[in-house]
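Number of protein chains: 2
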Amino acid sequence: MKAPPAETLGAFTDNDLSPEDFRRAGHAVVDWIADYYAHPERQRVLPDVLPGQLVDKLPSGAPQQGAAQEEILADFERLVAPHLVHWNHPGFMAYFAAGGSRPGVLAEALSAAVNNVGLLWYSSPALAELEEVTTRWLAVAMGLPVEWFGMIHDSASIATLHAVIAARELAAAKARESGAELDLNRIVMYTSEQAHSSVEKAMSALGRGAEACRKIRCDDRYAMRPGGLERAIARDRSAGLSPIAITATVGTTASTGVDPVPEIADIAAENGLWLHVDAAYAGAAAILPEMRRHFAGCERADSFVINPHKWLFVQMDCSVFYTARPECLRSALSLTPEYLRSSTSRAPQAQRSGQDARAVNYMEHSIALGRRFRALKLWFVLRSFGTEHLSKVLREHVRLARLLADWVAEAPDFELLAPVDFSLVCLRYRPTGASEAETDAANERLLRAVNATGEFFLSHAKLEGRYTIRVAIGNISTTEAHVSRLWELLRSLADR
Amino acid sequence: MKAPPAETLGAFTDNDLSPEDFRRAGHAVVDWIADYYAHPERQRVLPDVLPGQLVDKLPSGAPQQGAAQEEILADFERLVAPHLVHWNHPGFMAYFAAGGSRPGVLAEALSAAVNNVGLLWYSSPALAELEEVTTRWLAVAMGLPVEWFGMIHDSASIATLHAVIAARELAAAKARESGAELDLNRIVMYTSEQAHSSVEKAMSALGRGAEACRKIRCDDRYAMRPGGLERAIARDRSAGLSPIAITATVGTTASTGVDPVPEIADIAAENGLWLHVDAAYAGAAAILPEMRRHFAGCERADSFVINPHKWLFVQMDCSVFYTARPECLRSALSLTPEYLRSSTSRAPQAQRSGQDARAVNYMEHSIALGRRFRALKLWFVLRSFGTEHLSKVLREHVRLARLLADWVAEAPDFELLAPVDFSLVCLRYRPTGASEAETDAANERLLRAVNATGEFFLSHAKLEGRYTIRVAIGNISTTEAHVSRLWELLRSLADR
Chain B
1 MKAPPAETLG AFTDNDLSPE DFRRAGHAVV DWIADYYAHP ERQRVLPDVL PGQLVDKLPS
61 GAPQQGAAQE EILADFERLV APHLVHWNHP GFMAYFAAGG SRPGVLAEAL SAAVNNVGLL
121 WYSSPALAEL EEVTTRWLAV AMGLPVEWFG MIHDSASIAT LHAVIAAREL AAAKARESGA
181 ELDLNRIVMY TSEQAHSSVE KAMSALGRGA EACRKIRCDD RYAMRPGGLE RAIARDRSAG
241 LSPIAITATV GTTASTGVDP VPEIADIAAE NGLWLHVDAA YAGAAAILPE MRRHFAGCER
301 ADSFVINPHK WLFVQMDCSV FYTARPECLR SALSLTPEYL RSSTSRAPQA QRSGQDARAV
361 NYMEHSIALG RRFRALKLWF VLRSFGTEHL SKVLREHVRL ARLLADWVAE APDFELLAPV
421 DFSLVCLRYR PTGASEAETD AANERLLRAV NATGEFFLSH AKLEGRYTIR VAIGNISTTE
481 AHVSRLWELL RSLADR
Chain W
1001 MKAPPAETLG AFTDNDLSPE DFRRAGHAVV DWIADYYAHP ERQRVLPDVL PGQLVDKLPS
1061 GAPQQGAAQE EILADFERLV APHLVHWNHP GFMAYFAAGG SRPGVLAEAL SAAVNNVGLL
1121 WYSSPALAEL EEVTTRWLAV AMGLPVEWFG MIHDSASIAT LHAVIAAREL AAAKARESGA
1181 ELDLNRIVMY TSEQAHSSVE KAMSALGRGA EACRKIRCDD RYAMRPGGLE RAIARDRSAG
1241 LSPIAITATV GTTASTGVDP VPEIADIAAE NGLWLHVDAA YAGAAAILPE MRRHFAGCER
1301 ADSFVINPHK WLFVQMDCSV FYTARPECLR SALSLTPEYL RSSTSRAPQA QRSGQDARAV
1361 NYMEHSIALG RRFRALKLWF VLRSFGTEHL SKVLREHVRL ARLLADWVAE APDFELLAPV
1421 DFSLVCLRYR PTGASEAETD AANERLLRAV NATGEFFLSH AKLEGRYTIR VAIGNISTTE
1481 AHVSRLWELL RSLADR
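Residue numbers (our numbering), protein chains in the order written: chain B, 1 to 496; chain W, 1001 to 1496.
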């Protein structure tokens, strides 16, 4: 029951790695990463492994005895690394790039070391305020309204779910005002047939199923037709359904199509619907003045999502969600249990200073109570490169996409299948005289042949039923040499 | 249009930090962390800062020009670090500890470096299979059914939302079988009045509001009363409502109460309800044979959540969710868009090998499409310590909690307010002759006085209306010396 002398307080036991062992192991990990970065060409982008092979290499239970960090790092390299897909590889052009830059790694190491958890402001002022600052920096850089409330989620899917929850809350409040109750069985929302599957998933999460997410037909640029949207809303209204929201996309997943947000915002306003804009991939381009035209009308959105973990060189996971109406989220999701109470917005220091109102409690705006210190990597990346360098890299990616598009357009046996507005090129091989089915099959073979080289990883989509090869440029290290080599491979493998 | 010679492929430009600059900056970050670990006593657990002070120190927009890593690290130390709460500090005893251990930092650095994103097996076999292996290791260590499907979410709140979605899906399927439709406006679920707020939040997310989560009264050990649960279900059924699920808690947030899971499992089975077990904090204790009794009946759950980022020394975020019925999640949430199709479960290699069925596609079981490589840190921590060392640390935390509880029980002017089954002690100062209101006020003052020392961070709860000081032991570096010093402080500050 006697207290120890004060100087021994905080002295560590041997329960964890000692600081010096951590230092040695940490340097080894940093060296491993630096070597990995120095020689990406030693790796196949896509590993040649089969499902279950890693499982079979590992024991069926956790070890009883601990191992040295050197052994674990060696096992990581020997057992785990051969099963990685090299998302950082300059030849990774599948899906959309999730190309983390190197400063982001340092930020994630620091974030893991201090391991702050954001529940409310009081549980980590650094986390809460850096999230506030970095999301505002990004809004300013993208030309979005600076007064928007910004927060960081793990994925655009979760951000979109929050948008739909806020939209439903607003609809329920409006129904109550007019003396009615919102019928949860009759909620519907709208997006385009080219929208990301997460919009449908949000409706599935709410219990209405994917069908309650109406997929409006697109025009020949894969952009939502506003006329179809208006008609669908009117049809649903007269069938007694309750429209709550529209999700417009700037930069669709399959082809980076851009929905006509100004017209859609008009329709949302006329119908009293929440407008959510999904710019998860393309949003980064808004930092380029010459690309701002694609974002016209976005300032009228109720919510907006952009993933810096896609095309802004921040490590997964960093999905920035903005809303003009945070009160709808709070109304739907704020619950402050007693064990978090006094320390919530009434932090003792804040009380005595009267600065209470400046404490942002993110837990009141999200399903998750606790959050990682994700803002640190966004801060590191924005600080490391500055907006000028980031703009330079994005501009170069757009240039490379257009360069490839020009080559494709000039080649007699290839064709473009969608406009190239950002850094994605949708193309296909078009053998003379082949039927649509034969062409699809030839492109499927071509995609596999390219991926089998290990030099590149491409994925595909279907556009108007046609098998489409997607070349998604977005890694910070991708250069003209890579795009040129890919084009050579595509042509030479198509001929076989 | 000419391809570069193969040996230049993958050569990096100067867009990112060079590998050598990364190495230098990485070593500096590792050194910063090692020094931080070596001298926790130099930090106050809880910073003495006001809301808005960090915001005010930082510019209002992102920099145009990039900065050197040395400068950013220096700014982190000078500007950001003073606003951290030191969750790793051995005196952090608020909420529940989220005490990441040092090997977890190394894993997070590697995870950020390779930046793999789990969409489907094909997008990172390493991520998918290590998640499968580590969640199974944990199930084995905890004595849970090894055939359960395991996956890692960011938070128990999101895991619980998935449980409720799966429960609703099952209820909807049963309704359809009997020719009816589940009415989303009439869904209800059950938990105890001591359950975590995330259970109510899940019902809020589903649009039913917190009231649709019935909070069953507890007994004097803060455990749910099964009789009350049965009556509530019967009452709701006869009112035409649709019960879908029960969440039982093993280790409640306020006092680590343990609901009677065997009885609750019987009630769930009789009523055809989904049983979810929230063992977010206490679950770790299941690796100790002597603590298994608290988990009796958990093997009958439909789903179960345990957060290794709480009491298993893994960095935030690592919340492991198990379910015996993954098909309900798939049925609710599986949507495979074309751009992910052929590569989904039909990875080309898998097709040719017939090993298709072994590819786990986590995106089919979750709202989020993409996921971080979280399994790597769970693997590092389990490998680094082994189950024996982890057991030793947990056992010591339980011993320390009982030691403090004994001191409290012996002290005439202090009392325990809840059983001490794990590593949390609920106590209060009880001045002679003071009223309940005076006692509450004295304890609120005492909590503030302890926190103001900077040596410890405690939080509070209310138990039967009484202000309760919570001492949550769970950091890997907390020793008897810390607990002893805290007890001295509590007594000396209470007397003032």
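In short, the hints are calculated from the structure, not lab data.
Treat the hints with caution; some may be incorrect.
Unchecked claim - Cut-off 20 Å, straight-line C-alpha distance, at most; resulting in silico cross-link-like pairs (DMTMM-like, lysine to aspartate or glutamate): (1) B/K462 / B/E388; (2) W/K1057 / B/E147; (3) B/K57 / W/E1436; (4) W/K1057 / B/E41; (5) B/K57 / W/D1356.
As the list claims (entries may be wrong) - Which residues of chain B face chain W? A partial, calculated answer using Cβ under 8 Å: (6) V49; (7) G104; (8) S157; (9) L184; (10) V188; (11) S197; (12) R358; (13) T439.
All values reported here derive from a predicted model rather than from experimental measurement.
Glycine is no exception: its CB is placed at the ideal position from the N, C-alpha and C atoms.
Do the hints match the structure? See the list:
no., hint, verdict
1, B/K462 / B/E388, "violated (36 Å)"
2, W/K1057 / B/E147, "holds (19 Å)"
3, B/K57 / W/E1436, "violated (61 Å)"
4, W/K1057 / B/E41, "violated (43 Å)"
5, B/K57 / W/D1356, "holds (18 Å)"
6, V49, "holds (5 Å)"
7, G104, "holds (6 Å)"
8, S157, "holds (5 Å)"
9, L184, "holds (4 Å)"
10, V188, "violated (13 Å)"
11, S197, "holds (4 Å)"
12, R358, "holds (4 Å)"
13, T439, "violated (16 Å)"
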